[in-house]
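Since the structure of chain A is already known, use the hints to place chains B and C on it.
For reference, the chains in residue letters:
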Amino acid sequence: MAAPRASRLNIHLQGWLLVLPAVVLLATFTHVPAVETVIDSFFSTPHGKRPAVYIGFDQYRTMLADPVFWLAFRNNLLYALITVPLAIALALLMALWVNGRIKGRAALRLAFFTPTILPMVAAANIWLFFYTPDYGLLNQIIRLFGFESVNWLGSPATALPALMAVTVWKEAGFFMIFFLAALQQVPPVLYEAARMENASSWLVFRRITWPLLMPTTLFVAVNALINAFRVVDQVIAMTGGGPNNATALLLFYIFQVAFSFWDSGYAAALSVVLLSTLAIIAFLQFFLLDRKIHYR
Amino acid sequence: MNRFTRFLTGAALAATVLGGSHASATELTFYYPIAVGGPITKIVDGYAAEFTKAHPDITVKPVYTGSYQDSIVKAMTAAKAGNAPDVAILLSTDMFTLIDNELIEPYDAIATSDADKAWIKAFYPAFMENSQAGGHTWGIPFQRSTIVQYWNKDAFKAAGLDPEKPPKSWDEMVDFGKKLTKRDGSGAVTQWGLEIPSSGFPYWLFQALTTQNGAILANQDGTKVAYTDPKVIEAAQFFADLSGKYQVMPKGIIDWGTTPKDFFEGKTAMMWTTTGNLTNVRTNAKFAFGVAAMPAKARGGSPTGGGNIYIFKNDDKAKLKAALEFARFLSAPERAADWGIATGYVATRPDAWDTDAMKKYTAEFPAAAVARDQLKDAVAELSTHDNQRVTKALNDALQAILTGAKQAKPALDDAQAEATRILTTYQH
Amino acid sequence: MSDRSIRLISTAAVWLFALVWALPLLYAIWAAVHPSAFATHFNLAAPLTFENFTRAWTAAPFARYFLNTTLLVLGIMAAQFVICTLAAFALARWTFVGSGVLFALILVQLMVTPDVLILENYLTLKQMGLIDTLTGVGLPYVASAFGIFLLRQTFKSIPSELDDAARMEGASTLQTIWRVYLPLARPVYVAYGLVSVSYHWNNFLWPLIVTNSVETRPLTVGLQVFASVDQGIDWSVISAAALMTSAPLMIAFLLFQRAFIQSFLRAGIR
Chain A
495 MAAPRASRLN
505 IHLQGWLLVL
515 PAVVLLATFT
525 HVPAVETVID
535 SFFSTPHGKR
545 PAVYIGFDQY
555 RTMLADPVFW
565 LAFRNNLLYA
575 LITVPLAIAL
585 ALLMALWVNG
595 RIKGRAALRL
605 AFFTPTILPM
615 VAAANIWLFF
625 YTPDYGLLNQ
635 IIRLFGFESV
645 NWLGSPATAL
655 PALMAVTVWK
665 EAGFFMIFFL
675 AALQQVPPVL
685 YEAARMENAS
695 SWLVFRRITW
705 PLLMPTTLFV
715 AVNALINAFR
725 VVDQVIAMTG
735 GGPNNATALL
745 LFYIFQVAFS
755 FWDSGYAAAL
765 SVVLLSTLAI
775 IAFLQFFLLD
785 RKIHYR
Chain B
-3 MNRFTRFLTG
7 AALAATVLGG
17 SHASATELTF
27 YYPIAVGGPI
37 TKIVDGYAAE
47 FTKAHPDITV
57 KPVYTGSYQD
67 SIVKAMTAAK
77 AGNAPDVAIL
87 LSTDMFTLID
97 NELIEPYDAI
107 ATSDADKAWI
117 KAFYPAFMEN
127 SQAGGHTWGI
137 PFQRSTIVQY
147 WNKDAFKAAG
157 LDPEKPPKSW
167 DEMVDFGKKL
177 TKRDGSGAVT
187 QWGLEIPSSG
197 FPYWLFQALT
207 TQNGAILANQ
217 DGTKVAYTDP
227 KVIEAAQFFA
237 DLSGKYQVMP
247 KGIIDWGTTP
257 KDFFEGKTAM
267 MWTTTGNLTN
277 VRTNAKFAFG
287 VAAMPAKARG
297 GSPTGGGNIY
307 IFKNDDKAKL
317 KAALEFARFL
327 SAPERAADWG
337 IATGYVATRP
347 DAWDTDAMKK
357 YTAEFPAAAV
367 ARDQLKDAVA
377 ELSTHDNQRV
387 TKALNDALQA
397 ILTGAKQAKP
407 ALDDAQAEAT
417 RILTTYQH
Chain C
2 MSDRSIRLIS
12 TAAVWLFALV
22 WALPLLYAIW
32 AAVHPSAFAT
42 HFNLAAPLTF
52 ENFTRAWTAA
62 PFARYFLNTT
72 LLVLGIMAAQ
82 FVICTLAAFA
92 LARWTFVGSG
102 VLFALILVQL
112 MVTPDVLILE
122 NYLTLKQMGL
132 IDTLTGVGLP
142 YVASAFGIFL
152 LRQTFKSIPS
162 ELDDAARMEG
172 ASTLQTIWRV
182 YLPLARPVYV
192 AYGLVSVSYH
202 WNNFLWPLIV
212 TNSVETRPLT
222 VGLQVFASVD
232 QGIDWSVISA
242 AALMTSAPLM
252 IAFLLFQRAF
262 IQSFLRAGIR
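Chains as they are written, first to last, in this note's numbering: chain A, 495 to 790; chain B, -3 to 424; chain C, 2 to 271.
The shape of chain A in the complex, shown without the other chains:
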């Protein structure tokens, strides 16, 4: 009688001992700072000898009146809404191609996947060169077809799409892998049956492939969505948020306010917006993916 009780107690103790290092670190760098950020957002930024004072929702009022914040927020939404579907669509296409009986599959897969391996900062510098007005490769090609050279990163209309292209380029190959794996798990019987019915390849895709890929698509979409709200490397490396904040994104703006302007109170308020956005995605994931990924 005594032995099981002792061992059960032992398990509680041992369990906590084993998770303790992880818990302490996670609390230190995730939970505590998240709560502190919320608290800090209700205080003013300490300045020289002036300490931080409680100012209620003042930081948030400043934020609502700050056109750069709204622009960064809007840019970030656009970024997510455009790069996520685009990267997924391309990834799916690539996977279908590479999965098919095409010549040189290995080389194709290599071409699609290699960008994923590059550090974003390196990719950004490579694209910076690619985008250079006039003699950058992209513009050389465009001029070959008789069009005027485009100042990709120097015009507000094209700068954000230009950054999006880099993101899609980096991510599509990564997502392709997941689709590829999912495709290889589709039972061949289904395709045989479809062929017997003489179904068109579009119909096969819509009725068989696509539904079976749904879980993968959702998984990839959620990941891409989270990434889209954490984009910052390429902004720092390529545009610095310019021209006229056309490429300012949330995390970049937080970085700028926190480490260039040293306005910690305002940076905290901005971080709360980012945290809330990520929380919303978490809920989305909970409802969408709940059935597919079992956390317990």
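Certain hints may be false.
No more than 20 Å apart at the CA atoms, straight line, and that leaves these computed lysine to aspartate or glutamate pairs for EDC-like [as the list claims (entries may be wrong)]: (1) B:Lys241 to B:Asp167; (2) A:Lys543 to B:Glu98; (3) B:Lys76 to A:Glu530; (4) B:Lys174 to A:Glu642; (5) B:Lys178 to A:Glu642; (6) B:Lys117 to B:Asp347; (7) B:Lys38 to C:Glu52; (8) A:Lys543 to B:Asp96; (9) A:Lys543 to B:Asp311; (10) B:Lys76 to C:Asp133; (11) C:Lys127 to B:Glu98; (12) C:Lys127 to A:Glu530; (13) B:Lys38 to C:Glu216; (14) B:Lys76 to B:Asp96; (15) B:Lys313 to B:Asp110; (16) B:Lys220 to B:Asp410; (17) B:Lys76 to B:Glu101; (18) B:Lys57 to C:Asp133; (19) A:Lys597 to C:Asp4; (20) B:Lys241 to A:Glu642; (21) B:Lys149 to B:Glu168; (22) B:Lys57 to C:Glu216; (23) A:Lys543 to B:Glu101; (24) B:Lys317 to B:Asp110; (25) B:Lys220 to B:Asp409; (26) B:Lys49 to B:Asp334.
Rather than coming from a laboratory, the hints here were simulated on the basis of the structure.
It should be emphasised that the depicted structure is a prediction, and the values quoted were computed from it without experimental measurement.
Relative to chain A, chains B and C alone:
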């Protein structure tokens, strides 16, 4: 025997090294942002090594910190974590920010001997305008510049212009620009007349235009800006007209970093950039080029620019003293001359121009003196409290104007409102 | 049109797409292996050169950056293995007071990575006196929710009879983990290791904030500092530097393509 001698020498050497590290009581961390890639970082490392050789009790550890923008972020981030560099070269315009954050030590507090006092007075007064505030000297000029115009003499010749005559006025600049802008059969431009960069810190190049138009952007105390002065608005309109109305400059934002490359590639016949690019241009331009002072409107002139040496606060008096010693070393006439020759930056003090090396250099390459001669018309670079934010407001406005997102007046009205909001805290 | 020609055309189209996809990278490679003068001019007769790489290598302390990054990624990986294994084991095998809530709280980090909370984490690190240390760069990532989750799933799939058998022989918990779980979960460790190494090799924002000196600066930050030139850009050298920083991962990928892809899959899906 031979082996034994070698062993002895080795041991002796090791002893010296170890002993040396004991003697060097003071170590200085030194941030610097020069960025012409390769050779320049080597020069700075060389200075540090030379200094340590002359002062065996002080070791200098140079840390390259990227662009000016990166460097101030880095210096502030490190300093706020209690990890400040001892000496740093940062933009002269970062002065108020560094003072407000109580990070730097005024030179007059540590440079107290007569020789020290004379040293502070040795530099061109135009450079000291951005280095002094509230009766103190906070920065010592190191790599300082003015904006100059570079022109491609071959392109001038090809366009039927006198290759020895750069534009002297805004009108001439537009006029020459039109002649220099070449299009191919389909109407696509193959060579632009002019490039004035507008990425990163467009306010600086813009300030040349406002200066020439007779406007001053900020007060001496750095507490007020005049972004909506009609002369400023007019200058902004002209900046936009260069690509819009006159079509002598590419549309959109022109990247600061690639502008020299555009010039080498013959993509633009004239460019405005810092004199600090002079050596880079001299090495890489495959054609005859000229360097001239800025063109004039109401007057000529350019803002000064570039970096000062700052000494960071420290409780350790020995470190402050060592830092001062290093600042004096870096800004000595021979070093100022050497640095000027290596980069193109203006040697910061008149006596540097009397050194043999500099005399020889300017004799064979007179263009080197253009930026210095322009100092008589130079104004202080825009610098205020909370400088990053206040200049960002202007940068954003300028980029909005240049990309056609906003008209000049409303854009600058917005910038003024934002700057005023930020600066109210400092107007006691 | 015959089936054959349709197949041919679509194959060609796919190949064209792949070529376009690889273009930015190929362009960088072109610029890196030719003299600057040919960076933007295509000429098959252009001489090949390795000079851009040597220039980049000597212009900045890339050797040191490589060392820093290597130490960093290996250090993080080793620490993650230890810490995540312990936590994952406890969460996979035992139900103890608060274990459910704990696991949910751990998963929060999947969303809120340390770089989202840059300012607070920087202040925390400052209090710990770890600014400008490799430990400081790595520490926030050591307890990785992803790692714990992944290993927990794996451990759960290991039959607990094996566990009991080990204990019968008198093995302690740690010995059981070491003798039973680690060997069985080896492929997952390889997968997690690869994912971790490539993530931290490429990580940028956090090390940018935390490091102030050459002795701690990893490759990505070194590359950015090197490429942000205020006085004119030499694309050939920058392309060379960019390729150089990516080279180890790229070469490893070329050599172990299958393992890489399998690893990303394993880490992602299961």
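Worksheet item: Can you list which hints this structure breaks, lowest number first?
Response: none
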